[in-house]
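Chains as they are written, first to last, in my numbering: chain A, 1 to 113; chain B, 1 to 115.
Read the hints as simulated data drawn from the structure, not as lab findings.
From the three backbone atoms N, C-alpha and C, an ideal C-beta is built for every residue, glycine too.
Mixed in with the good hints, there may be bad ones.
Among the chain A residues that face chain B by a calculated CB cut under 8 Å, a handful are [what the hints assert, rightly or not]:
#1 S31
#2 T38
#3 G42
#4 L43
#5 Q106
So you can see what is in the structure, the chains are spelled out below.
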Amino acid sequence: DAGVIQSPRHEVTEMGQEVTLRCKPISGHNSLFWYRQTMMRGLELLIYFNNNVPIDDSGMPEDRFSAKMPNASFSTLKIQPSEPRDSAVYFCASSYREGGEAFFGQGTRLTVV
Amino acid sequence: AQTVTQSQPEMSVQEAETVTLSCTYDTSENNYYLFWYKQPPSRQMILVIRQEAYKQQNATENRFSVNFQKAAKSFSLKISDSQLGDTAMYFCAFMKRGSNYQLIWGAGTKLIIKP
């Protein structure tokens, strides 16, 4: 298996633009997580899906952020409009059992100028 | 609420030495899991080792082992015969059983292995 695949690896955008980050989890995994990593705040869980259903989105910073999982093999995280403070590395991770390993993608480094 | 504390922001050792990274956590739960993840400069998060709280035996994975002290709520990681490739950020994480897989993360320890 190719692991969790995220695209793009890097994204530079101007303030106010819409940004869409993509994730393909490992086949057979029923849980998917979106994290944000910054120097100041470390790793933050943004949203968690189980069987394609959002279970906990309390970490989503504000209404500008939205996430979808239309099927078991694809998820998106959208920021609209983007702001400079959204600059961070965004990770997607998937898992198949409680207490088991969370498999991470290589992350998307987002820079909003 | 659970918290995870890594008190060492950065550590540096010579290649082949043994190093121990500390992690403490705060919880009132009895059933949980603990993890150490590694994030090398490539940025990808990689599981190093995991421990189930109900198991008294410390987990071991090759050169990596943990010292799990449940009463003290301590979960340290020992790296033996350190290698240059061990240079990375190391994160300790906690998962409460029945928490919908949610991980609570420490702030990380930057480990540098010097040649």
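Taking the hints in turn, this is what the structure says about them:
Hint on S31(A) holds. Least Cβ distance to chain B is approximately 5 Å, under the 8 Å limit. Evaluation of the T38(A) hint against chain B yields a violated restraint, the C-beta minimum of about 12 Å exceeding 8 Å. The criterion of a C-beta within 8 Å of any C-beta in chain B is met by G42(A), whose closest approach is roughly 5 Å, and the hint holds. With its C-beta approaching chain B no nearer than about 5 Å, L43(A) sits inside the 8 Å limit, and its interface hint holds.
The interface hint given for Q106(A) holds, since its Cβ lies 5 Å from the closest Cβ of chain B, which is under the 8 Å cut-off.
The structure fails hint 2 only (numbered hints given earlier).
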